[in-house]
Every structure is written in structure tokens, then in C-alpha cells.
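Protein chains in written order, with this note's numbering: chain Y, 1 to 200; chain D, 1 to 254.
Derived from the structure by calculation, the hints contain no laboratory data.
Each statement offered as a hint is correct.
Interface residues of chain Y toward chain D, partial, derived using beta-carbon atoms under 7 angstroms: (1) Val23; (2) Glu24; (3) Gly25; (4) Ala28; (5) Phe29; (6) Ala32; (7) Ser43.
Virtual Cβ for every residue (Gly too), placed ideally from N, Cα, C.
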Amino acid sequence: MSPDIEAPSSRPRSPEPRRLPGVEGVWAFVFADMTMFAVMFGSFMWDRHRNPLAFEESRHLLNATFGGINTLILLTSSLFVVLAIEALKAERALRARWLFALALACGFAFMLAKAFEYGEKFQAGISMLSNDFFMYYFILTGIHLGHVIVGNVVLAVMSIKSASATNQASSLANYEAGATYWHMVDLLWILLFPILYLLR
Amino acid sequence: MDEETKVLYQRISILCGPIFVTTFVIFWAWMGHNLPPPHPDDAAQLFTDRYVNNLTSIRIGFLVALVTICLYLPWVGYTTARMMRIETGPYPVLSYLQLMGGALTVMVVSISMWCWVVAAQRPERSPEITQMLTDAGWLMNDTVYMCTTLQMWAMAFCVMADKKSKVPLMPNWACWLTIFCGATFFPASLTAVLRSGPFAYDGLIGFWIPYPAWLIWEFTASYFLLTDLNRRVREGRVEEVVASPHGGLLQGGK
Chain Y
1 MSPDIEAPSS
11 RPRSPEPRRL
21 PGVEGVWAFV
31 FADMTMFAVM
41 FGSFMWDRHR
51 NPLAFEESRH
61 LLNATFGGIN
71 TLILLTSSLF
81 VVLAIEALKA
91 ERALRARWLF
101 ALALACGFAF
111 MLAKAFEYGE
121 KFQAGISMLS
131 NDFFMYYFIL
141 TGIHLGHVIV
151 GNVVLAVMSI
161 KSASATNQAS
171 SLANYEAGAT
181 YWHMVDLLWI
191 LLFPILYLLR
Chain D
1 MDEETKVLYQ
11 RISILCGPIF
21 VTTFVIFWAW
31 MGHNLPPPHP
41 DDAAQLFTDR
51 YVNNLTSIRI
61 GFLVALVTIC
71 LYLPWVGYTT
81 ARMMRIETGP
91 YPVLSYLQLM
101 GGALTVMVVS
111 ISMWCWVVAA
121 QRPERSPEIT
131 QMLTDAGWLM
141 NDTVYMCTTL
151 QMWAMAFCVM
161 ADKKSKVPLM
171 PNWACWLTIF
181 CGATFFPASL
191 TAVLRSGPFA
201 YDGLIGFWIP
211 YPAWLIWEFT
221 ASYFLLTDLN
231 RRVREGRVEE
241 VVASPHGGLL
251 QGGK
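Produce the complete structure using the sequences and hints provided.
Quick look at the structure:
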């Protein structure tokens, strides 16, 4: 995946024991957080099942273009994060720093697109209190946006710190933990987008 | 104070955690008729009926829970002292944050129950006022949670940064779950706006996740604090537990 493949391949190719990327705790967090979202998705589907017409009508008022653009933005940012971790493993700290910064730029772009999208809704007189569909729409995307904001802080810290990063296992584990969180934010959006915008 | 007595008080302080959780479930949740919570969208008269029909139980429940909520304080005191052994030196900011957050948590939960005690004191008053007192109590808990969140986060960040202990106070997964449990409170702010559905104060996200998350965290953290105390006693490291704010300065780096 990374263009600088010569660095990893120069190491001895002995079979490495399988290990969990990052620290174990971040996986516990990811599991708990995704369970929380699963509960909210389940709750949404339950209410949708009880009132399919209203939910379908409201869904048509969403701008799927914004949703689609945000999906591409987050997928791209995840790619940058993957490349940044690869760069760290290859001890190319400066390259990692720029890749984290690019991922962060994607995070900001996501927030900007979300601001436009919310603005469009507010101008049309739609709010969280309009109906159950929009309650879920604003709360689910809002909680996800909160995750993106936290993720942006994490990416900024990783970008700043990576310039002086060492390739020690403990140091790498912290970056992998941050990357794991960001991939979860991405994955949550990939679930949110079809459930809210596309599901007929 | 001799070492044995110190350890005894430390052990009691830790045990106050699970005892608090147990009494909270019995008196606040069960006797206080908060399981399930009242429905915020109900008519005012139903709020009055709830008090009138269960008056003795609700009165005893909240009056006892208002006393036992203070069991949270010794637990916070021990946790602060234990964190200072990790965060040695003259600037134990996370320990202080945990201390303040924990102390304020007791006040938030107490003020919430105080609203319900007032409602139960004169249940014959206008139903709208009883409804308002009930709402005020719930919104006190559900919107003024940040001190508790910071308490939990301070503890988790402190334990995660521990580089000295051979066996950490809490395993890494427990620290991350602490962070998660603290974060589950955020959606509870929506209880101030939404009066029905999962985000209301009787809803799945407004009640059934954040409240158990808080109690489960308290229980889990107590378990690890107790295990840690037993380990220190077993290894003869009792003197490490001196809980003076200057202890870090004098004995730092152990």
C-alpha cells in the first residue's frame, strides 16, 4: 500500500506473532461505542418500522449528495491514516506527519460539509423537533460529529507528535490506538449514511 | 496512626463504593420508584398520583439515599490518595480534578433527590408544581453530569499514564471503559429538550444506558482498587499509602 516498500521488506521476514494493533483498551472502547450506536440504530429501525411513511417522506428531504461527499472524505482520511502508520513503521516520521495532517484536513472538510448540511436544514425550517425522523437524523449525525471533533484533536496530536516519533513498540501502539479510533469514526459513518439517507 | 489502622480506613473507604452502588439501587431506584422513571410527557396529575400512591416508599427511599450517597466521598478520598501515588510531585492535577469531580457529583445527585423530597413533603400541592419538581430533579442529574465525566476521565488518564507500577491499578481495558462510561452521559443533555422517545429522561439513551454505566464503572473501579490494596498489603508496601498531599513530594518515585 505504501510506496516506500523497500523499508519494511529490508527487515528479516521471520513470521511475527499475531498482535492486536494499538492498545487493548481502545478495542474495548470501540466495542462499547459501537454497541451504543447499534442500540441507537436499533431504536431508529424500531421507530421507522412503526411509522414507515413519515420516515420515508422525511428521508427524501435529506441531501444525499452531502452524505456521499462526506463518505468519500472520511474514506480518504482513513487511507491517509493507514499510510501514516505505514510511514511510522518505516521510520519516515516527516512523511507520517504530513499524512496525519492530510487526514486532519479531511476531518475539517467533513465538519464544514456537515455545517452546510445543517444550515440547509435550518433554513428550510427543519429541526430536531420537526418529527421523529429528524430527531434521529440530528442526534445520530450530531453524536457522530462529536466523534469527528474528538478524532480531529487526536489526528492533530498525532501529526504534531509524529515528527519526533520513535519506532518503539509502545510509541507505535499509541498511534495505532488513535488510528483505530479514527477508523471506527469512519466505519460508523459508513453505517449511518445508508441507514439515514439511502434505506427505502 | 499505625499502619494497620490506616489500611483499615483505606479498605473501608474502597468498600464504601460498592456499598453506595447497592444502596443507590435499593433506595434511589427501587424504593424511590425510579425503575422505570416517570414518563416526562405524562399529564401533571399522574406525577402527583405517583407520589401519593407510593408516598412512604418514596420518602424513605430518597431520605436514605440522600444519606448513603455520601458513601461516595470516602471512596473519592481514597481514589485521590491512590492517584497521587501515581501522579507524584507537587502538581497532582488529575488527582485534584478527580477529587473535585467526585465531591461535586455527590452534590448534583443530592440536589436532584432533594427536589423529589420536596415534592413528596407536600404531595397535595398543585400537580403542576409536583411535575416541575420531578422534572427539575431529573434534569439536575441529566444535564449537570460533566463533573462526574471529568472525575472518571481524570482517573482513567492517570492510571493509563502510570509507568512506575509493575501491575497497573486498573487494566488498560478498564481505563478505556471508564472513558466510555463517562462519555455515555453526553446524550443525556437531550433530556432537556425531548420529552418522549429514547432520548427523554425515561428513555434508553437518557436513562437505561448512562445510569447503569456510572454504577458499573464505580463497581468495577472499586474491584480493582481493592485488588490493588490487597496486593500492596501482601507485598508489604503499606507505607506507600500515606495520603498526605505532600506525600508525593517526600516519597515520590517509589
